[in-house]
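Chain A is fixed; fit chain B onto it per the hints.
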Amino acid sequence: MNGVHDMGGMHGMGPVQEEKNEPVFHEPWEGRVFALRRAMGAWRKWNIDVTRHEVELVPPADYLSMSYYERQFAAFLVLLAKCGFITPKELDAGKPAPGTPVAVPALTVEKANLLIAKGAPTSRDVPAAPRFETGQRVRARNINPVGHTRLPRYARGKLGVIDRDHGVFVFPDTNAHYLGEKPQHVYSVRFAARELWGQQAAQQDSVYLDLWDDYLDPA
Amino acid sequence: MTTNRRDFLTAAVTAAGAALTPDLPHTHDHEHQAVPSDLALRVKALESLLVEKGLVDRAALDTLIDAYEHKIGPRNGARVVARAWADSAYKQRLLANADAAIAELGYGGMQGEHMVVVENTPQVHNMIVCTLCSCYPWPVLGLPPVWYKSAPYRSRSVIDPRGVLREFGLELPADVEVRVWDSTAELRYLVLPERPAGTAQLNEEHLAALVTRDSMVGVAKVAPPQAGVSA
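So the protein sequences, as listed, match chains A and B.
Numbering-wise (my numbering), the first sequence opens with residue 1 and increments by one.
Numbering-wise (my numbering), the second sequence opens with residue 1 and increments by one.
If you are wondering where the hints come from, they were derived from the structure by calculation, not from laboratory data.
Glycine included, every Cβ here is placed at the ideal spot set by N, Cα and C.
Take the hints with a grain of salt, since some may be wrong.
For each label pair, taking beta carbons as the anchor points, the in silico distance ranges come out as [to be verified]:
id, chain 1, residue 1, chain 2, residue 2, range
1, A, His26, B, Tyr90, 34 to 42 Å
2, A, Asp217, B, His206, 48 to 56 Å
3, B, Glu104, A, Glu195, 35 to 43 Å
4, B, Tyr90, A, Thr100, 52 to 60 Å
5, B, Gly169, A, Pro127, 43 to 51 Å
In isolation and in its complexed conformation, chain A is listed as follows (with noise of 0.2 Å):
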């Protein structure tokens, strides 16, 4: 979707502000949020491509005014709803309806410790022909999609080389939507800054976007 987190390029985003000594968590809650999303991702009702579409879902005038937890918390209440795992009226008395049934938790600590050493690859084993070689050139596809895609506005059109195939992947733009993996190649796409931005950037610079076959027609 051509929503307000596809944001390179944009202008009057103010200066970049850093902090010295930053804390991992400025307040508690935070890290209770971020871990929460965790440990319910842990049942498997939705996908990291599916949470990543429900934050783009929060309107642009909040998205820009809220900070990244609580995006991640607003979000978060939405897909708990949308999979049937709370209702309002649990929110609202702050306890599970009468006669709820008391779950065993998906994330264990030792679930927890193996998610954080392993993680969750995207990567597929699967048969799947590359459609691009390295050193090829191509154009990145002028698509629109209302619902989930990773490829950003800044590059779509333009003309890139691929500079290396990284393997085979899980698809967003599909698996974001409940609509299969779709697993197919990811390549390095290096694209010249003076085709993406014009005349402005440096002659020799570029930008390396992660592509999609799906995104990617020959040039």
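Leaving out everything else, chain B in the frame of chain A:
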């Protein structure tokens, strides 16, 4: 600002409820009761609810928070960089197959399942961003700082990398090639910064102590050791 955020959270809960039970009546009072007044309280209330429903184990939450607050951070990446500086064979392995080389030092896992390391040289400067969200190589750098997740960094690093670097105090010569890596997929990037002058005698541990988080994101260089510290 705070009001807007609260209003949105209220709206989020309302929308969440609407998605679940479309005909649920939402009175004004109801909406405000749905979201406690303070964000910390609201998170706490949600946690209690999820724990009481048996959906979440508090000890697992504590494990996750403790790992990223105390165990996993840029010191990991600094050790990788120091090893690469000290051992050229390791550096070759790191650049060719980052996952395996990083695993040699015992690092890897969530949000670092597929790693790529890019090398800075006197001619080439690499920097990392995620314009679409805030992807970052957790196993080697920990969780990202606020500026990395901020609109200014995400919007400008691809269109004006040299301007962004200037704000970090790094003025690159005009003839240096800047490569910006936008983490649009599940590959996670780590910059191998240039080894500073005056470090020939340093062991890996001392080298690692010089390496900053910012240098591994590519918004800074590694400063040479200060006089008297390098021994």
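> Which earlier hints turn out false for this structure, listed by number in ascending order?
Replying inline: The structure conflicts with no hint, since it agrees with every one listed earlier.
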